[in-house]
Amino acid sequence: MAKTADGPILEVENLTKYYESGGGLVDTLLGRSQEVKALDGVDLELYPGETLGIVGESGCGKTTLARSLLRLIEPTAGTVRYEGEDLTAASDDRLRALRKDIQYIFQDPFASLNPRLTVGDIVGEPLDIHDIAEGEARADRVSDLLETVGLNQRHAHRYPHEFSGGQRQRIGIARALAVDPEVIVCDEPVSALDVSVQAQILNLLADLQSEFGLSYIVIAHDLSVVEHIADRVGVLYLGEFAEVGPTEDVFQPPYHPYAEALLSAIPEPDPGWEGDRIFLSGDVPSPLNPPSGCRFHTRCPKVIQPKGTDMAQSEWRSLMDLKQRLRKADSLEAVTAVREGVEDEDLRQLSRSALEARVRDEFGLPETVGDREAEEVFGTALDHLYDGAFEAARTALNDAFESPCERTDPELFDVGDDHRIACLLYDDAYPETPTRRS
Amino acid sequence: MALLEVEDLTVKFYTEEGVVTAVDDLSFRIKRGEKFGVVGESGAGKSVTALSVMRLIEEPGRIESGTVRFDGEDLMEMSESEVRDVRGNDIAMIFQDAQTALNPVYTVGEQIAEAIRHHLDYGDAAARDRAIRLLDDVGIPEPEARYDDYPHEFSGGMQQRVVIAMALSCDPDLLIADEPTTALDVTIEAKILDRLERLAEEYDTAIQLITHDLGVIAEMCDRVMVMYAGRAVEKATVEEMYYDPKHPYTVGLMSAIPRIGDRQDRLQTIPGTMPDLVEVPSGCSFHPRCPFAEEECTRKQPPLVDPETGEGVGLSDRAAACLAYTGDLDNELDYEVEVRGRAEQPDDGQPDPRVRRPDSEPVRTDSDPVGLDTDLLDQNDDGEDDAGGLSDG
Chain P
1 MAKTADGPIL
11 EVENLTKYYE
21 SGGGLVDTLL
31 GRSQEVKALD
41 GVDLELYPGE
51 TLGIVGESGC
61 GKTTLARSLL
71 RLIEPTAGTV
81 RYEGEDLTAA
91 SDDRLRALRK
101 DIQYIFQDPF
111 ASLNPRLTVG
121 DIVGEPLDIH
131 DIAEGEARAD
141 RVSDLLETVG
151 LNQRHAHRYP
161 HEFSGGQRQR
171 IGIARALAVD
181 PEVIVCDEPV
191 SALDVSVQAQ
201 ILNLLADLQS
211 EFGLSYIVIA
221 HDLSVVEHIA
231 DRVGVLYLGE
241 FAEVGPTEDV
251 FQPPYHPYAE
261 ALLSAIPEPD
271 PGWEGDRIFL
281 SGDVPSPLNP
291 PSGCRFHTRC
301 PKVIQPKGTD
311 MAQSEWRSLM
321 DLKQRLRKAD
331 SLEAVTAVRE
341 GVEDEDLRQL
351 SRSALEARVR
361 DEFGLPETVG
371 DREAEEVFGT
381 ALDHLYDGAF
391 EAARTALNDA
401 FESPCERTDP
411 ELFDVGDDHR
421 IACLLYDDAY
431 PETPTRRS
Chain G
1 MALLEVEDLT
11 VKFYTEEGVV
21 TAVDDLSFRI
31 KRGEKFGVVG
41 ESGAGKSVTA
51 LSVMRLIEEP
61 GRIESGTVRF
71 DGEDLMEMSE
81 SEVRDVRGND
91 IAMIFQDAQT
101 ALNPVYTVGE
111 QIAEAIRHHL
121 DYGDAAARDR
131 AIRLLDDVGI
141 PEPEARYDDY
151 PHEFSGGMQQ
161 RVVIAMALSC
171 DPDLLIADEP
181 TTALDVTIEA
191 KILDRLERLA
201 EEYDTAIQLI
211 THDLGVIAEM
221 CDRVMVMYAG
231 RAVEKATVEE
241 MYYDPKHPYT
251 VGLMSAIPRI
261 GDRQDRLQTI
271 PGTMPDLVEV
281 PSGCSFHPRC
291 PFAEEECTRK
301 QPPLVDPETG
311 EGVGLSDRAA
321 ACLAYTGDLD
331 NELDYEVEVR
341 GRAEQPDDGQ
351 PDPRVRRPDS
361 EPVRTDSDPV
371 GLDTDLLDQN
381 DDGEDDAGGL
391 SDG
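As given, the protein sequences belong to chains P and G, one line each in that order.
By the count of the numbering used here, the first sequence reaches residue 438 at its end, each step adding exactly one.
By the count of the numbering used here, the second sequence reaches residue 393 at its end, each step adding exactly one.
Some hints here could point you the wrong way.
What the hints assert, rightly or not - Stretch by stretch, here's where chain G covers chain P in the computed footprint (C-beta under 8 angstroms, at least three residues): (1) 200-214; (2) 257-271; (3) 318-332.
Claimed, not checked - Calculated pairs, SDA-like style, for lysine to any residue (alpha carbon to alpha carbon, straight line, at most 25 angstroms): (4) P:Lys328 / G:Phe154; (5) P:Lys328 / G:Gly139; (6) P:Lys328 / G:Gly156; (7) P:Lys307 / P:Arg407; (8) P:Lys328 / G:Asp148; (9) G:Lys31 / G:Leu56; (10) P:Lys328 / G:His152; (11) P:Lys328 / P:Glu362; (12) P:Lys100 / P:Gly135; (13) P:Lys328 / G:Arg133; (14) P:Lys328 / G:Glu110; (15) P:Lys100 / P:Ala206; (16) P:Lys328 / G:Tyr147; (17) G:Lys300 / G:Gly327; (18) P:Lys307 / P:Arg317; (19) P:Lys328 / G:Thr107; (20) P:Lys328 / G:Ser155; (21) P:Lys328 / G:Glu153; (22) P:Lys328 / G:Tyr150; (23) P:Lys328 / G:Asp137; (24) P:Lys328 / G:Glu142; (25) P:Lys328 / P:Asp399; (26) G:Lys31 / G:Gly66; (27) P:Lys328 / G:Asp136.
Said to hold, decoys possible - Distance windows between CB atoms, simulated: (28) P:Asp330 / G:Glu64: 57 to 65 angstroms; (29) P:Ser314 / G:Ala126: 34 to 42 angstroms; (30) G:Glu64 / P:Asp108: 28 to 36 angstroms; (31) P:Arg352 / G:Met78: 49 to 57 angstroms; (32) P:Asn289 / G:Glu73: 52 to 60 angstroms; (33) G:Gly33 / P:Pro253: 37 to 45 angstroms.
Because the hints were derived from the structure by calculation, they are not lab data.
Even for Gly, the Cβ is constructed at its ideal location relative to N, Cα and C.
Generate the whole structure from the sequences, applying the supplied hints.
If you want it as C-alpha cells, here you go:
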C-alpha cells in the first residue's frame with residue numbers, strides 16, 4: 001500500500017543506542033570504557049498500512065533498531081512516537097499497554113517459542129496478559145488465530161517441537177496478531193526458513209496486512225525479500241541510514257554507492273545473467289570507532305577525490321586503501337604483495353624499485369598514477385617506507401590524499417520524491433559528480 | 001573422465017523415532033574440473049550425501065549400500081587409513097559454519113600449515129610460506145601479519161576464507177562446499193564465490209557445491225542435481241534447469257523465490273513442507289505437495305528418466321523423476337517458465353509471474369504426523385478469507 005495522506009503512525013527521531021564496551025571495572029573507573037555506536041541518530045516514519053523494509057549487512061544496527069523501537073532494549077537517546085505518544089517517555093504500565101498495538105516477530109522460530117507451553121497457551125498468553133479474553137472466548141480466539149495463519153485448530157494442544165520451522169513462524173505470527181496490533185516489527189521473519197516455506201510466510205504477511213490493515217517494519221538482510229514485500233526501504237550502514245525511499249526508487253539509480261554495491265552482489269537466479277559486480281574493499285568497520293565523515297568512505301568505490309586531482313577512480317580508491325592500511329600497520333609486510341616461492345624474505349633488503357613494484361602490486365596501482373601530483377606524493381611516501389619511516393609516510397599520504405568524504409558527514413539529500421541519499425555525491429557543493437541525476 | 005561416481009548410494013540413520021532414509025538410491029557423476037551443484041531444502045539429504053562421499057557418516061547413521069568411486073577407486077572398499085589419505089589430499093570439504101571448522105586454540109596460519117605438513121610432507125618454513133600464499137590467494141589482507149592471529153580475531157567472512165585456504169592447501173581434485181556462504185552477507189558472499197571460482201579454475205579443482213540458494217547455483221555451476229526427500233528428482237545443466245525445468249518440484253522452487261525487478265504481489269508457493277523422512281509418503285514422495293499429482297503418484301515411485309523419451313539414462317544425462325515422463329499420468333504437466341535477467345526487465349508494472357501454474361488442489365494424505373501444513377491461505381486464494389480472525393478489532 002502506498003503512503004496515505006494521514007500522518008505517520010510511528011515517528012522515530014534521532015534514535016540512538018550506544019553500548020558500553022571493554023567495560024571491566026578498572027576500565028570504567030579510569031574512564032576508559034568505549035562506546036559501540038550501534039545506532040546513531042536514525043529518523044524514520046511509518047505510515048498506516050505500509051511496509052517499511054530495513055536492509056544492511058550484519059553489524060550495521062538492524063536488530064538494535066528494531067528492538068529499541070519497542071524499548072526491548074533501552075535507547076540511549078531519541079524519541080519514538082506512536083500516534084503522537086512518546087514511547088521512550090512512557091511509564092512501564094503505559095508501555096505495556098502500548099505494546100498491545102506494536103508487536104514483534106522474531107527471527108528464530110526455534111528460540112522464540114516457550115518449549116514448555118502448548119501452542120494454544122503461547123498464542124493465548126498475550127490474551128491473558130492484556131485481559132482480552134477468558135475461558136471459552138479465549139479458546140475460540142486461539143483457534144481463530146491459528147486458522148488465520150494457516151494452522152489447524154487441532155494444533156492448539158501440541159508443543160512447539162512438534163512443528164516445522166515454517167509452522168513455528170506461523171505460531172509466532174499468530175501470537176503477534178492475538179492482541180490485534182496496528183504495527184508489527186518483523187526481525188528477519190523468513191531468514192531461517194526454506195525457500196518454499198519462505199514464500200508461504202511472505203504471502204501470509206501480505207494477506208494479513210490487507211485483511212487487518214497492519215503496518216510492518218521488516219528487517220532483512222536479503223534484498224530480494226525486502227524488494228518483494230516493502231513499500232519503502234531504508235538502507236542502514238553502521239548505525240545510520242545511507243538511503244531511504246520508495247522501494248522502486250531505491251532499487252534503481254540514483255543509488256547510494258553502498259546500496260548499489262549491495263544490489264550488485266545479489267546472486268541472480270538466472271545462469272544467463274551477466275551483471276557488473278561491485279566488490280567493496282574490506283569488511284564492515286567496527287562500530288567501536290566508526291570512520292570519520294561518511295562512514296562508508298573506507299570501502300566506497302566512489303569515494304570523492306579532492307579538488308584539483310584527476311585520476312581514474314580505481315586508482316584513487318587504491319591510494320585510499322594504501323593510506324588506510326598504513327594507519328594501522330608498522331611493517332612492510334602489511335603493504336606489499338606476497339611473492340611465490342620465496343622463503344623467509346627480509347623486505348628491508350629489497351631495492352627501492354622492487355619495493356615499489358610490490359606495493360603497487362598489493363594495491364593494484366598501475367606503473368604510474370594518472371595524476372602527476374599524486375604520483376609524486378606516492379613516490380615520497382615510498383621513499384619514507386624504504387627508509388623505514390612509517391610515521392613520515394603516513395603523514396605524507398594523509399596530508400595529500402584527503403577525500404571530502406572523510407571530513408564531512410553527509411546528511412540525507414533529497415534526490416527525488418521522498419527519496420533521500422546520504423552521500424556527498426548528491427550534495428550541490430560537488431556539482432561535477434557523474435552519478436547525479438540531471 | 002569421471003572424477004567422482006556415486007552409484008545407488010543409500011544412507012540410513014537408526015534413530016529412536018525410527019529409521020530415517022536420508023539418502024535413497026542416489027547416483028550422480030562429477031567430471032574433472034566440473035562445478036556441480038546440489039540444491040534442495042533442509043532435509044533433502046544434501047549434506048548427508050557430501051559426508052558419505054567423504055565416508056564421514058557416524059552412528060547412528062550407516063551407509064547401507066552403493067559405491068563411491070573416486071578416480072576409479074571405490075572409497076567404500078578402502079581401509080580407514082587409505083580414506084584418511086584421500087580426505088584433505090584429494091577431496092577437501094568446506095563447511096557452512098567456519099567458526100566450528102577452525103580450532104580456536106591454534107593460529108589460523110598454523111592450522112593451514114599443519115595440513116600442508118601432514119599431507120604434502122613439507123618442512124616448517126616451506127609449509128608456512130605456502131600457507132601465507134594461500135591466505136593471500138583467498139584475499140586475506142596482510143597475510144604475513146595475520147598468519148599468527150587466532151580465529152576469533154577474524155570476522156565471519158575472513159574465517160570462511162581461512163577455511164577455503166585450508167581446503168585448497170593440498171591442491172585437492174574435488175572440493176565439497178556445503179553452504180559455504182549461507183552465513184555471510186551478500187557483499188562478502190559475492191567476493192568469496194568469485195574467489196572460489198577463480199581458484200577452482202587455477203587449481204583445476206572440481207567443486208560439489210551444496211546450497212539452497214538458486215542464485216548461487218546459477219552463478220557458479222555447470223550442472224545441477226535437485227534433491228527431494230533423499231532422492232534426486234532432476235539432473236540437468238544449469239541452463240536447462242533454469243530455463244526449462246522438468247520436475248514439478250524444481251518448477252515450484254524456481255517460482256517461489258522473490259526476484260529483483262519482479263513486481264508481482266504474491267509469490268507462488270509449494271504448499272506444505274518437506275516430509276518427515278521417517279515416514280516418507282508412498283509412491284512419489286513429492287505427491288502430497290505436487291499440483292499435478294494423480295492417483296497413480298501415490299502408488300508408484302517414479303524412476304529417473306530422460307524427460308523426452310521416458311527411457312532410463314546414464315549418470316550424467318539430463319533426467320527427471322516424474323511419472324509424467326513414463327506415461328503413467330492421465331494429464332500433462334502444465335506450466336510455463338520464463339526467466340529474464342534484471343537488465344532486460346521492462347518496467348511495465350504488469351503482474352507477470354515468471355512461472356505460472358494452475359491452482360490445483362494437492363492430493364491429501366494423512367501420513368504427516370502433525371497434519372499437513374498445507375497453506376490454507378493459498379487455497380482460499382480467490383476470494384473470501386476465513387474472516388474468523390480478529391472479530392473484536
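Comparing the hints with the structure gives:
1. Counting residues of the region 200-214 of chain P whose beta-carbon sits less than 8 angstroms from any beta-carbon of chain G gives 8, enough to reach three: the coverage restraint holds.
2. Against chain G, the region 257-271 of chain P contributes 11 residues with a C-beta closer than 8 angstroms to a partner C-beta. That satisfies the three-residue criterion, and the hint holds.
3. Residues of the region 318-332 of chain P lying with their CB closer than 8 angstroms to a CB of chain G number 3, which satisfies the three-residue condition for coverage.
4. Distance restraint check for Lys328 (chain P) and Phe154 (chain G): the Cα-Cα separation of roughly 16 angstroms lies within the 25 angstroms cut-off, and the hinted pair is therefore satisfied.
5. A hinted pair counts as satisfied when its Cα atoms are at most 25 angstroms apart, and Lys328 (chain P) with Gly139 (chain G) qualifies at roughly 18 angstroms.
6. Distance restraint check for Lys328 (chain P) and Gly156 (chain G): the Cα-Cα separation of roughly 21 angstroms lies within the 25 angstroms cut-off, and the hinted pair is therefore satisfied.
7. Proximity of Lys307 (chain P) to Arg407 (chain P) is assessed by CA-CA distance (about 13 angstroms); at most 25 angstroms being required, the pair is judged to hold.
8. Of the pairs offered as hints, the one joining Lys328 (chain P) and Asp148 (chain G) holds, with about 16 angstroms between alpha carbons and a cut-off of 25 angstroms not exceeded.
9. The suggested pairing of Lys31 (chain G) with Leu56 (chain G) holds, with an alpha-carbon distance near 22 angstroms, which does not exceed 25 angstroms.
10. In summary, the hint linking Lys328 (chain P) to His152 (chain G) is supported, as the alpha carbons are separated by about 19 angstroms, within the 25 angstroms threshold.
11. Of the supplied pair hints, the one linking Lys328 (chain P) and Glu362 (chain P) holds, its CA atoms being roughly 16 angstroms apart against a limit of 25 angstroms.
12. Between Lys100 (chain P) and Gly135 (chain P) the alpha-carbon distance is near 20 angstroms, which keeps this suggested pair within the 25 angstroms criterion.
13. Proposed proximity of Lys328 (chain P) and Arg133 (chain G) is supported: the alpha carbons are some 22 angstroms apart, at most 25 angstroms.
14. Our distance criterion of 25 angstroms between C-alpha atoms is met by Lys328 (chain P) and Glu110 (chain G), whose separation comes to about 24 angstroms.
15. Our distance criterion of 25 angstroms between C-alpha atoms is met by Lys100 (chain P) and Ala206 (chain P), whose separation comes to about 21 angstroms.
16. For the hint linking Lys328 (chain P) to Tyr147 (chain G), the alpha-carbon distance of about 16 angstroms falls within 25 angstroms, and the restraint holds.
17. As the CA atoms of Lys300 (chain G) and Gly327 (chain G) are separated by approximately 12 angstroms, the hinted pair is consistent with the 25 angstroms bound.
18. The hinted pair formed by Lys307 (chain P) and Arg317 (chain P) meets the criterion: a straight-line CA distance of about 15 angstroms does not exceed 25 angstroms.
19. A distance of roughly 20 angstroms separates the Cα atoms of Lys328 (chain P) and Thr107 (chain G); the hinted pair therefore holds under the 25 angstroms criterion.
20. Using a Cα cut-off of 25 angstroms, the hinted pair Lys328 (chain P) and Ser155 (chain G) holds, with the two alpha carbons roughly 17 angstroms apart.
21. With a C-alpha separation of about 15 angstroms, the suggested pair Lys328 (chain P) and Glu153 (chain G) falls inside the 25 angstroms cut-off, and the hint holds.
22. Restraint check: the Cα-Cα separation between Lys328 (chain P) and Tyr150 (chain G) comes to about 18 angstroms, which is no more than 25 angstroms; the hinted pair holds.
23. About 22 angstroms separates the Cα atoms of Lys328 (chain P) and Asp137 (chain G), which keeps this hinted pair within 25 angstroms; it holds.
24. As the CA atoms of Lys328 (chain P) and Glu142 (chain G) are separated by approximately 11 angstroms, the hinted pair is consistent with the 25 angstroms bound.
25. A threshold of 25 angstroms between alpha carbons decides the hint, and for Lys328 (chain P) with Asp399 (chain P) the separation of about 17 angstroms falls inside it, so the pair holds.
26. Of the pairs offered as hints, the one joining Lys31 (chain G) and Gly66 (chain G) holds, with about 19 angstroms between alpha carbons and a cut-off of 25 angstroms not exceeded.
27. A C-alpha spacing of about 18 angstroms is found between Lys328 (chain P) and Asp136 (chain G), which places the hinted pair at or below 25 angstroms, so the restraint holds.
28. One distance hint, 57 to 65 angstroms for the beta-carbon pair Asp330 (chain P) and Glu64 (chain G), holds here, with the actual separation near 59 angstroms.
29. Between Ser314 (chain P) and Ala126 (chain G) the CB atoms are about 35 angstroms apart, so this pair conforms to the stated range of 34 to 42 angstroms.
30. As the Cβ distance of Glu64 (chain G) to Asp108 (chain P) is approximately 34 angstroms, the hint placing it in 28 to 36 angstroms holds.
31. Taken as a hint, the range 49 to 57 angstroms holds for the pair Arg352 (chain P) and Met78 (chain G), whose Cβ atoms sit roughly 55 angstroms apart.
32. In this structure the supplied range 52 to 60 angstroms holds for Asn289 (chain P) paired with Glu73 (chain G), their Cβ-Cβ distance being about 55 angstroms.
33. Take Gly33 (chain G) and Pro253 (chain P): their Cβ atoms lie about 39 angstroms apart, and the range 37 to 45 angstroms holds.
The structure agrees with every numbered hint stated previously.
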